[in-house]
Amino acid sequence: MTDLMQLCAFNAAYANTIDSDALEIWPTYFTEICHYRVTHIENEREGLAAGIVYANSRAMLEDRISALREANIYERHSYRHMIGMPLITASSDDAIEASTPFMVARIMHTGQTELFATGSYQDKFVRTDGKLLLSRRVAVCDSTVTDTLLALPL
Amino acid sequence: MHSSKTTTPPSALWSRDTLTRVPFTVYDDPSVYQTEQERLFHGPTWNYLCLEADISETGSYLTTFVGETPVVVVRDDDGEIYAFENRCSHRGALIALEKSGKADNFQCVYHAWSYNRQGELTGIAFENGVKGKGGMPASFDKSAHNPRPLRIAVYCGLVFGSFSEDVPSIEEYLGDEICERIERVLHKPVEVIGRFTQALPNNWKLYFENVKDSYHASLLHLFFTTFELNRLSQRGGVIIDESGGHHVSYSMIDREAEKDASYKEQGLRSDTENYRLKDPTLLAGFEEYDDGVTLQILSVFPGFVLQQIQNCLAIRQVLPRGTGRTELNWTYIGYTDDTPEQRETRLKQSNLIGPAGFISMEDGAVGGFVQRGIAGARELEAIVEMGGDSAESSEGRATEASIRGFWKAYRQYMSA
Chain A
1 MTDLMQLCAF NAAYANTIDS DALEIWPTYF TEICHYRVTH IENEREGLAA GIVYANSRAM
61 LEDRISALRE ANIYERHSYR HMIGMPLITA SSDDAIEAST PFMVARIMHT GQTELFATGS
121 YQDKFVRTDG KLLLSRRVAV CDSTVTDTLL ALPL
Chain B
155 MHSSKTTTPP SALWSRDTLT RVPFTVYDDP SVYQTEQERL FHGPTWNYLC LEADISETGS
215 YLTTFVGETP VVVVRDDDGE IYAFENRCSH RGALIALEKS GKADNFQCVY HAWSYNRQGE
275 LTGIAFENGV KGKGGMPASF DKSAHNPRPL RIAVYCGLVF GSFSEDVPSI EEYLGDEICE
335 RIERVLHKPV EVIGRFTQAL PNNWKLYFEN VKDSYHASLL HLFFTTFELN RLSQRGGVII
395 DESGGHHVSY SMIDREAEKD ASYKEQGLRS DTENYRLKDP TLLAGFEEYD DGVTLQILSV
455 FPGFVLQQIQ NCLAIRQVLP RGTGRTELNW TYIGYTDDTP EQRETRLKQS NLIGPAGFIS
515 MEDGAVGGFV QRGIAGAREL EAIVEMGGDS AESSEGRATE ASIRGFWKAY RQYMSA
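Quick mapping for you: the protein sequence lines, in order, are chains A and B. Residue numbering for the first sequence follows this note's numbering, starting at 1 and increasing by one per position. Residue numbering for the second sequence follows this note's numbering, starting at 155 and increasing by one per position.
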């Protein structure tokens, strides 16, 4: 497969994992040492480092899922990710960098469906044993506002 | 600053003279909301506007709100900070459209009326007409038509504004104990490390009460309990200022109890191996205050919060957006002299707070649960009676004294 097809397939599986509530699988898309962050375009522009989610290890992503399952309280809801075509910005034998647009609808258990987030993933993939893993994914939201709360990952 | 527009006499809302009951109607009645705008937000209160660090250079400005009134906050070349209503004197359009920027002066886009950085109307396009025709009458006095100015108070790098001439000094407004607790955190220069806005589906007061509610913390937020991160050897309490409107709730290490408890604590933790954090560096912190206080939540009436949760520091600005909507602006901060390691610690601990925070995401939703729950209960009341009926400082967390304090201050301003 070409790089592009590989990334598309990766993102399709990634989206399906979150949207089908297989959240325990979600950390496996990342390398053991990784960077995952949810932020927005203004922080990114100003170089502000914080995220509403900020992780630098796969274990931290696992902890986030455990917390969602065991500790945090929120109304039942799900996401539907629409992940667009990756724009590959760098590619080598070891790594691929890409910028990929996403839209996420949030479906509340009450039936209310709304556009919850749009933005782009700023990604760095590494190839290990013929497989791609994310060593970096920064979800840069287009809006500075998060409605109510963000529980499930983007 | 009264207005004749007020329709509901606020005193009529309370059926009894007690702070232990809150009529649900205060959360969704448009006339109450209107009265709040006049008597609280335009009344003799100090409203948080921004950090001094946000507008550190000459000409730096930002736009924000006092209640729902848009304002411009700007630093002039005399080094002073000025703020004025973001409303052109002419037709009422916004004067500044951007969130922040730098400006020598401000010009309304609609008809190009212009204002200096102190909010004075300095120019009117075609003031003298075109070719001798039209223009403003010679009697029109520009200096009598400035947008409403705010008084400014800067305290520990925090910029507060007030539309009232009668507001006391910021130190007097806050009182000694609150001042001390602000200074404790903001004792040296800070810088912003991130800004996030959370849209809350509820009345602003439900969020502000939540901040003051020390009773809910261990019941609604289960993160610390689930992962066995609570320290047994902690004690805490609440401090409420004389007005009732400001509060501090805190937890601190009890050094004496820690000696006895540490053994037991360790035993307890190892029993629940399943629910340990896989990456405990999330919470690995460093001691930066020598008083042992690990958590300090401080609120200033009517909508400011300063938070220290371990090494995670943030400011929250609570802005009403209609009876059933609130905007919560989070500003995550660190000190300018943080080492890279200290900064990394703050970034990791910030997972605890904000719209996706392990111990704060519930607060984003719970106000909406109340707002939806009370939809058919306007004639009924909430109960705020934990810990009795007073609004005074106390030890321990099983009390709603700070919430009663809020209503004490609220009723005072609303009926003044």
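Errors might be hidden in some of the hints.
Chain A stretches covered by chain B per the calculated footprint, using a threshold of three residues with CB under 8 Å from any CB of chain B [stated by the list, open to error]: (1) 70-79; (2) 85-97; (3) 104-116.
Computed list of lysine-lysine pairs in BS3-like fashion (alpha-carbon distance at most 30 Å, straight line) [claimed, not checked]: (4) K253(B) with K296(B); (5) K124(A) with K256(B); (6) K342(B) with K287(B); (7) K131(A) with K432(B); (8) K296(B) with K256(B); (9) K342(B) with K253(B).
Simulated from the structure, these hints should not be mistaken for laboratory data. Using N, Cα and C, we set each Cβ at its ideal position, and we do this for glycine too.
To see whether the hints hold, each was checked on the structure:
no.: 1; hint: 70-79; result: holds (count 6)
no.: 2; hint: 85-97; result: violated (count 0)
no.: 3; hint: 104-116; result: violated (count 0)
no.: 4; hint: K253(B) with K296(B); result: 27 Å, holds
no.: 5; hint: K124(A) with K256(B); result: 35 Å, violated
no.: 6; hint: K342(B) with K287(B); result: 58 Å, violated
no.: 7; hint: K131(A) with K432(B); result: 25 Å, holds
no.: 8; hint: K296(B) with K256(B); result: 24 Å, holds
no.: 9; hint: K342(B) with K253(B); result: 26 Å, holds
Checked against the numbered hints above, the structure breaks hints 2, 3, 5 and 6 and satisfies the rest.
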